[in-house]
Amino acid sequence: MGEVISPMEGNAPSFPTSVLDAWNEAALRLEDYLRAHRVRDRERLLRLNLDLLDEAHRIHAAEPGRTPLDVTMELAADRIEAWFSRLADETVPSDSQLAARARGAWFASGLHREWPTAFLDPAPPAALVAAVRSASMQAGPALEFSSLIRAEVDYGAMENLAEGTWQQFSWAHVLRAFVIWVAIFFAAYGAYLQFFRQP
Amino acid sequence: MKPFRSSDPLAETASLRQALFLATGGGITIAGAWLLFDTYRRDEFTWLEGTLLALFVVLFGQIAFGFAIAFWGFVTRLRGERFQIMRSLDGHATDAPPGSTAIVMPIYNEDPARIFRALENMLVSLRATGHADAFDFFILSDSNQPDSWIDEECAWVSLCSRLDAYGRVFYRKRRVSLNGKSGNIADFCRRWGKRYRYMVILDADSVMAGETFVRLARAMDANPQVGLIQTAPQIVRGTSVFQRLIQFSTHTLGPIFAAGSNFWHLAGANYWGHNAIIRLQPFMEHCVLPELPGITSADRHILSHDTVEAALMQQAGYQVWFATDEPGSYEEGPPNLTESLKRDRRWCQGNLQHFWFLFAPKTGFTNRIHIFFGLMAYLSAPLLVVFIALNAVDFYAKERRAILSAQIGGLTDTWWTSLLLLGLTLVLLFASKVFGLLYTLPRARRFGGLWAVLAGSVIETVSSVLLAPIMLYYYTKFVVLTLLGVKVTWKTQNRSDSAIPLGQALREYGLLPVLGAVLTVATLHWAPVLTLWLSPLLLGWLLAVPFVMLTSSDRLGQWLRRRGLLLIPEEINEPEILRGLDEPPPALVRPATLVATPHYGLLQALLAPFANAVHISLLRRSRVHAKHKQDYLDSLAARLLADGPDALTRREMMALLWSSETLAALHRRLWRAGETELHPWWRFAMRHYHEAHSARHAP
Chain A
504 MGEVISPMEG NAPSFPTSVL DAWNEAALRL EDYLRAHRVR DRERLLRLNL
554 DLLDEAHRIH AAEPGRTPLD VTMELAADRI EAWFSRLADE TVPSDSQLAA
604 RARGAWFASG LHREWPTAFL DPAPPAALVA AVRSASMQAG PALEFSSLIR
654 AEVDYGAMEN LAEGTWQQFS WAHVLRAFVI WVAIFFAAYG AYLQFFRQP
Chain B
12 MKPFRSSDPL AETASLRQAL FLATGGGITI AGAWLLFDTY RRDEFTWLEG
62 TLLALFVVLF GQIAFGFAIA FWGFVTRLRG ERFQIMRSLD GHATDAPPGS
112 TAIVMPIYNE DPARIFRALE NMLVSLRATG HADAFDFFIL SDSNQPDSWI
162 DEECAWVSLC SRLDAYGRVF YRKRRVSLNG KSGNIADFCR RWGKRYRYMV
212 ILDADSVMAG ETFVRLARAM DANPQVGLIQ TAPQIVRGTS VFQRLIQFST
262 HTLGPIFAAG SNFWHLAGAN YWGHNAIIRL QPFMEHCVLP ELPGITSADR
312 HILSHDTVEA ALMQQAGYQV WFATDEPGSY EEGPPNLTES LKRDRRWCQG
362 NLQHFWFLFA PKTGFTNRIH IFFGLMAYLS APLLVVFIAL NAVDFYAKER
412 RAILSAQIGG LTDTWWTSLL LLGLTLVLLF ASKVFGLLYT LPRARRFGGL
462 WAVLAGSVIE TVSSVLLAPI MLYYYTKFVV LTLLGVKVTW KTQNRSDSAI
512 PLGQALREYG LLPVLGAVLT VATLHWAPVL TLWLSPLLLG WLLAVPFVML
562 TSSDRLGQWL RRRGLLLIPE EINEPEILRG LDEPPPALVR PATLVATPHY
612 GLLQALLAPF ANAVHISLLR RSRVHAKHKQ DYLDSLAARL LADGPDALTR
662 REMMALLWSS ETLAALHRRL WRAGETELHP WWRFAMRHYH EAHSARHAP
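Going down the list, the protein sequences come from chains A and B.
The numbering used here numbers the first residue of the first sequence as 504 and each following residue consecutively.
The numbering used here numbers the first residue of the second sequence as 12 and each following residue consecutively.
Some clues are possibly wrong.
Derived contacts from chain A toward chain B, CB cut-off under 8 Å, selection only [to be verified]:
{"no.": "1", "residue": "D592"}
{"no.": "2", "residue": "S612"}
{"no.": "3", "residue": "S637"}
{"no.": "4", "residue": "D657"}
Worth flagging that the hints you see were computed from the coordinates, not collected in a lab.
Glycine residues also receive a C-beta, built at the ideal position from the N, C-alpha and C atoms.
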């Protein structure tokens, strides 16, 4: 056990150094994750960080076998997914695909710039909700299927000639012919050596 | 706006011009063949000479018809051309919106930065015309490299966001890249073809000005009998010597050949596969690629679709035109000879497949000529090799016979005829360059001045003489490989500049100097006069390695540019549409510490909430959750985190990227994982990502 350090303020419990390091790692990662969501407002960032860390402490107290990093980041990911999911459609339960669509719109439509303090707001502005729902990363217009039918081409006499050849051609025939001609050659050469070669 | 005038004068003119064209090329061929026959008939006409004469007719015919195109092109440039499809717009200015047009760009692992910057320029240029509402862009991706895929998605979202282009610029990634580029276009037609009247096909390196899109659509509106208009894209933005040679050549000789081509085929033009506008309804009804005769499905698939589509369009009763002088259509050339040959390898196989259409009863006359020229572009190489070899045998035999029978006088008689034939051949070979020069000289200021054009022409001519023997070897090899059934796959063309180092040059071209040296020694020993005759070929082979290295050099290319050599008008006065193409779009600017990091796209897709969200939202939700499939994906995900991206093959990474659930889970796992649980690559990537991120702005 390392030295026990008391927190300067707040109501978080006192930790040994090793545990404090783990919570520091969790806090830093959390801050990075929030920054990755373009939370640029410093105050909002700090409040979200503290809020999520407080919650993580409570969960960790009930599940001490898990690392602070694991607890904190799972909490953050769950909360962010749920928030985006609700932004996209509050009538359905949290869903990663739905959340991804809203999260994409959050970035792509520059909503993070327009509402810098709204991230993870439990009661997001109606305009933000409307903006997320109207923003669509439309990958293609509405489908209007056509059936394409291959053009029929008459290739003429060459096709008939080629097909006749392909149907009759076989490597077995080639091999058989090769063997026969090799045999004839050696037979002829043997006969020449035997009967016609001058002594 | 009046439609293009009645087709009868057009048909009559086409008939007359085709007769003139065939008479020019055929007449010269007959004259050349007669000169050769004249040298043979002095003596006993042997079977070898008969074979040589037959080969000569085929090979010399190609040169003669090349000359005929250049000659009539030059004449047309002097006289002016009445029959040009874009002239149907002259004097008919209108503000009515053009027909709805889809601008379609099939891509395959090409540089996303270049693609999306060009798209941005084209969109901005179209908006400036005031008719952008008539046009939609489609990026049709068949990319199978994870990084390219993610970069394309991020760049697309960024472009749409910045330019408010959602609903105007679309992105589709095919899960199965069936039938390559033609399959990708067919897939577009099947899904959305019905929504548009026209489709402009672009290559990944194509750029077209907004005004050009509008004019092409208007020309189609005004001429309902026209099914396709092919523009003559200018090759631009070359940096290496090789690119600069090609672009100078296409700028000086291109107008002559374009005018000459239009002269003889008029409404029976060919399609080059890009920078062209197509009427969609007949295209979808009549131009769906047929199957070729063949045993396997690979044999039956048409590789080079453009020529076949042009032929089918004309069989369906629509005209195909070549807009020879329409400005604002651009493309880029391959950076070095190796990349150019890779492209030729594909084209060779595609063109040889067109053989089947040569004998198809319904193939139109002009299409048959296009197909024949396309075939001969490659087949002439092995034929020339056979011709040279047989000629050497013939020459050696005659020389021996002359020495043995002291028939020196007999040989001397034919010598002059041979020289005349050689002179005629050289005139035909270089006439097009002279025509190009004569056409360019009055416009020399646009190319950097009179001396710049003259010097550029000399450099280009010398280079083409040195290049021809290298092409002869490789084209022969390609034809032989194709005939032996060695297939090629659809490879990404490296469109960026890349110098070829000595090691690579020796590996790829080292055989040529050896071949050149052996032939030089052999001819010097057995028939010294032949060495002189074969000197252009031998010189090209002997100098192949340094030639390839020098022409691949960017530094030398830039040096030439600074000296005002091989300049083209677009370099002196850069069009707006080509500006800024080298600057990557904001979404693709990497943090400085991660510029050289491989697998950056994968890093983005897993780590960055933005890229992860964009990617997942563009994927379809898995309908069936087969346990064995999920187990497989879980095992890949575990390996990816524990062993780093290098532990996975490209196919395994693509499998992960196709699973939205696994991607979402990986994103969470990565952010939750302690440093010790991760492979060092991830620790490095995360550290630099976080450092960079705090300083970066939103896309």
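Against the structure, the hints come out as follows:
1. D592: violated, 13 Å
2. S612: Constraint on S612 of chain A satisfied, holds at 6 Å.
3. S637: With a minimum Cβ separation of about 10 Å from chain B (threshold 8 Å), the hint on S637 of chain A is violated.
4. D657: With a closest approach of 6 Å, the D657 of chain A hint holds.
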